[in-house]
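Protein chains in written order, with the numbering used here: chain A, 1 to 203; chain B, 204 to 482.
Be a bit skeptical, because a hint or two may be false.
Only pairs whose alpha carbons sit at most 20 angstroms apart, straight line, appear in this in silico SDA-like list of lysine to any residue [said to hold, decoys possible]: (1) A:K102 / A:D49; (2) A:K203 / A:Q38; (3) A:K91 / B:F419; (4) A:K91 / B:W206; (5) A:K91 / B:A417; (6) A:K102 / A:V45; (7) A:K91 / B:V442; (8) A:K91 / B:R418; (9) A:K91 / B:Y399; (10) A:K91 / B:Y416; (11) A:K91 / B:Q441; (12) A:K91 / B:T415; (13) A:K91 / B:G433; (14) A:K91 / B:A438; (15) A:K91 / B:I434; (16) A:K91 / B:G435.
Quick partial rundown of chain A residues pointing at chain B, CB under 7 angstroms, derived from the structure [what the hints assert, rightly or not]: (17) D56; (18) P80; (19) A84; (20) A88; (21) L122; (22) Q124; (23) R188; (24) Q189.
Derived CB-CB ranges, DEER-like [stated by the list, open to error]: (25) B:T408 / A:S96: 31 to 39 angstroms; (26) A:P127 / B:T408: 34 to 42 angstroms; (27) A:D135 / B:A268: 53 to 61 angstroms; (28) A:E155 / B:P350: 32 to 40 angstroms; (29) A:P54 / B:L445: 43 to 51 angstroms; (30) A:P94 / B:A365: 43 to 51 angstroms; (31) B:V335 / A:P95: 30 to 38 angstroms.
Hints were generated in silico from the structure; no laboratory data involved. The C-beta atom is built at its ideal place from N, Cα and C for all residues, glycine as well.
Residue strings, one per chain:
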Amino acid sequence: MRRLMGMVTGLALACGPAGGGDGAAGGAADLRGRVLAQPLAKPEVVFTDTEGRPYDLRRQTEGFLTLLFFGYTHCPDVCPVHMANIAAVVKELPPSVTTRVKVLFVTTDPARDTPERLRTWLAQFDPSFVGLIGDTATVNRAQAAVQLPPSQPGEVDSAGNYLVGHAAAVVAFTPDGLARAMYPFGIRQADWAHDIPKLLAWK
Amino acid sequence: MSWWCAASGLPWTWDWRAFPGVWLFVGANALWYVRALRRLEPARFAGDDAPTTRREVALFFAGVAALWLAADWPLGLLAAGYLLSARTFQYLLFVMVAPPLILLGLPRWLLRRLIRGRVAFRLARVLSRPLVPLLVYNAVFIAVHLPPVIAATAGSQLASFALDLTIILSGFVFWWPALARLPELAPMAYPARIGYLLLSVFLPTVPASFYTYARFPIYPLYELAPRVHGIGAVADQQVAGLTMKVLGGFILFGTMSVMFFRWHRIEETAETPRKETVA
Numbered sequence: 001m002r003r004l005m006g007m008v009t010g011l012a013l014a015c016g017p018a019g020g021g022d023g024a025a026g027g028a029a030d031l032r033g034r035v036l037a038q039p040l041a042k043p044e045v046v047f048t049d050t051e052g053r054p055y056d057l058r059r060q061t062e063g064f065l066t067l068l069f070f071g072y073t074h075c076p077d078v079c080p081v082h083m084a085n086i087a088a089v090v091k092e093l094p095p096s097v098t099t100r101v102k103v104l105f106v107t108t109d110p111a112r113d114t115p116e117r118l119r120t121w122l123a124q125f126d127p128s129f130v131g132l133i134g135d136t137a138t139v140n141r142a143q144a145a146v147q148l149p150p151s152q153p154g155e156v157d158s159a160g161n162y163l164v165g166h167a168a169a170v171v172a173f174t175p176d177g178l179a180r181a182m183y184p185f186g187i188r189q190a191d192w193a194h195d196i197p198k199l200l201a202w203k
Numbered sequence: 204m205s206w207w208c209a210a211s212g213l214p215w216t217w218d219w220r221a222f223p224g225v226w227l228f229v230g231a232n233a234l235w236y237v238r239a240l241r242r243l244e245p246a247r248f249a250g251d252d253a254p255t256t257r258r259e260v261a262l263f264f265a266g267v268a269a270l271w272l273a274a275d276w277p278l279g280l281l282a283a284g285y286l287l288s289a290r291t292f293q294y295l296l297f298v299m300v301a302p303p304l305i306l307l308g309l310p311r312w313l314l315r316r317l318i319r320g321r322v323a324f325r326l327a328r329v330l331s332r333p334l335v336p337l338l339v340y341n342a343v344f345i346a347v348h349l350p351p352v353i354a355a356t357a358g359s360q361l362a363s364f365a366l367d368l369t370i371i372l373s374g375f376v377f378w379w380p381a382l383a384r385l386p387e388l389a390p391m392a393y394p395a396r397i398g399y400l401l402l403s404v405f406l407p408t409v410p411a412s413f414y415t416y417a418r419f420p421i422y423p424l425y426e427l428a429p430r431v432h433g434i435g436a437v438a439d440q441q442v443a444g445l446t447m448k449v450l451g452g453f454i455l456f457g458t459m460s461v462m463f464f465r466w467h468r469i470e471e472t473a474e475t476p477r478k479e480t481v482a
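Same shape as in the complex, but just chain B:
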């Protein structure tokens, strides 16, 4: 039995396979959250802290569900050794879906507890500014899409796990300044956050364009993998390119739109008393 999804070279079948490592990983996250809420939630709240809401719980578990969906059979296995399009979809779940949901699902009091140590607070503050997260996110993005990296990690469960974990962590680093949950970390204003997300739209265009327009498959792993329902390697690569561009862009532009309207609402609220005073 395998504990984490890795390329095996075996023909693809829809027979269910167990990956206990994935369950352990996902279960540990869920368990940590439940225990934190039960044991650590204070009786009284100060400042803008508030009791955990159902919405936060739902968002957290939606994020964990996204991790589970991405890492477990069938998507995890398809991504590990059969289809680049599956890998791209998995990447988006790991980076663009699960981390923001989980971050939004963490109540402020819990976030504050997590960064109450001096080092943790400093790190959280550094990551609230755009430069380091952009560098980390883009460096990981480039590294995990390099053909030698994919080839070197594909067959090993441990290496695949390490790669997946790196991708997930890069997602948290990326979304931390964009979601800006804690005001004491001096987060960016909405226009800067929109600009930050906009900057992140462009890099994925490079591999997405290669995927979409390359004449031949880029990754030997997916070119020489046993076929899944006869899907050709080039067609799979084109779907991967479109997925990265369209779905990734949709998530980022969608978030930017939400931020824009929030910013607009804040501006409007600030303007209203002034107008009333003038009138």
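Looking at chain A on its own, in the form it has when it is part of the complex:
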């Protein structure tokens, strides 16, 4: 499963505009994430949050450092590790920093990720994490906008369970609304703690 995720992410990053990673053009020189040579615009999509309200991605994250991840709550490895690591760092950083960060988790498995399940699952990491649901077309459009491949459900086993292949990278949008870096699986808490203040200060 992790290999599949890694391949999907690797593919996405290889096909995408990921650059050499110096980030100097943007002003933050030493990010530990993979800096995009050409920043990407925030997708113009409207999801539904776990309370059933429309969530306009651009409007409701305007001015925030936005960490966007596409995953699913039944994910056995990558998704919980990413969320746990980001949550652990968010708890460690001062409120002056963390109040300017939004973590968005868009489900790639809307059939099983009900709003309640998504809310409960995210709350175990950090109640402030935003769970978002959209139809397949909307989710795929959002993924394509940040040059991630569409997610793909795997085969259903005899117990009715299945995995969903999805990109394992977290996309980081600086407060100016542009995606500047991607964080593939393997990024560590110390890396997040290093990069989050830099992404917030990006000019």
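Fit chain B to the supplied structure of chain A, relying on the hints for placement.
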């Protein structure tokens, strides 16, 4: 099927898994002991040799059981690729529990047979003095806790086996002078043995403190491993630090206390005739 526990990156489940290499390892130890007692135990004993007692047999098998518990599913697998706290507990079983039990379970006549060769006797004598065991134990302790060593060995069953074996052997080396089973090896006196154990209390404090107080996880293996019941990597690391310090300290200080009281008893016994003579 895997033969020894190694990190796989697969999600953790409580489904039982077989590790035949562990059974073979544990079984070989038990079989060797039983055969040694049956075939080699002499009919007559000289000096302080004595027939094998039930207590010795029980201690030996308790030590083997500790090895089994540490190396097999679930602890072995959790330690290999999921939880640092499990690895720390496993380390303590490998070093602080199994070796002393096994050494105490070996009757003196068998120990003497094991070191009757010239090289073996010399080695046993060198290891009865504190310097070499302290160096070996501490060097292994440091090496097996280095993040690059853990990262390099985690995914390979053979490397994991080699690492586990090294840890276990370091435990035997560490306890050999402290338990001092054979008087002909000129073992340390009780106060020196207590001092030896006391010296060994301090080194684990270093990683234990890092584990307990580090802001972020130290080992990528455990930070990026699939979560076990949602236990966070930092919380797991803190439990590992406390386990190392509290449980490791408890075993060492407990042993030191026993040694102190034995020493006291010996001193008292030696004093009594003198007092009677004076009276």
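Do the hints match the structure? See the list:
1. A:K102 / A:D49: OK: K102 of chain A and D49 of chain A at ~13 angstroms, within 20 angstroms.
2. A:K203 / A:Q38: 15 angstroms, holds
3. A:K91 / B:F419: At roughly 11 angstroms apart (the allowed maximum being 20 angstroms), F419 of chain B and K91 of chain A satisfy the hint.
4. A:K91 / B:W206: Violated - the C-alpha atoms of W206 of chain B and K91 of chain A are around 40 angstroms apart, more than 20 angstroms.
5. A:K91 / B:A417: Within the cut-off at roughly 14 angstroms; holds.
6. A:K102 / A:V45: Given pair K102 of chain A, V45 of chain A holds - Cα atoms ~16 angstroms apart, limit 20 angstroms.
7. A:K91 / B:V442: With Cα atoms ~19 angstroms apart, K91 of chain A and V442 of chain B stay inside 20 angstroms; holds.
8. A:K91 / B:R418: Holds. K91 of chain A to R418 of chain B sits at ~11 angstroms (cutoff 20 angstroms).
9. A:K91 / B:Y399: Violated: K91 of chain A and Y399 of chain B sit about 42 angstroms apart, past 20 angstroms.
10. A:K91 / B:Y416: 15 angstroms, holds
11. A:K91 / B:Q441: 16 angstroms, holds
12. A:K91 / B:T415: Distance ~17 angstroms between K91 of chain A and T415 of chain B Cα, so the pair holds.
13. A:K91 / B:G433: Distance ~16 angstroms between K91 of chain A and G433 of chain B Cα, so the pair holds.
14. A:K91 / B:A438: 13 angstroms, holds
15. A:K91 / B:I434: 16 angstroms, holds
16. A:K91 / B:G435: Between K91 of chain A and G435 of chain B the Cα gap is close to 13 angstroms, so the pair holds against 20 angstroms.
17. D56: 31 angstroms, violated
18. P80: 5 angstroms, holds
19. A84: This hint holds: A84 of chain A lies near chain B, its Cβ roughly 6 angstroms from the closest one there, short of 7 angstroms.
20. A88: 6 angstroms, holds
21. L122: At about 12 angstroms, which exceeds the 7 angstroms cut-off, the nearest Cβ of chain B leaves the hint on L122 of chain A violated.
22. Q124: 6 angstroms, holds
23. R188: 6 angstroms, holds
24. Q189: 4 angstroms, holds
25. B:T408 / A:S96: 31 to 39 angstroms: Between T408 of chain B and S96 of chain A, where Cβ atoms are some 35 angstroms apart, the hint holds.
26. A:P127 / B:T408: 34 to 42 angstroms: 37 angstroms, holds
27. A:D135 / B:A268: 53 to 61 angstroms: 57 angstroms, holds
28. A:E155 / B:P350: 32 to 40 angstroms: The hinted range 32 to 40 angstroms holds for E155 of chain A and P350 of chain B, with Cβ atoms some 37 angstroms apart.
29. A:P54 / B:L445: 43 to 51 angstroms: 47 angstroms, holds
30. A:P94 / B:A365: 43 to 51 angstroms: 45 angstroms, holds
31. B:V335 / A:P95: 30 to 38 angstroms: Violated, at about 54 angstroms.
In terms of the numbered hints stated before, the structure departs from hints 4, 9, 17, 21, 31, listed from lowest to highest.
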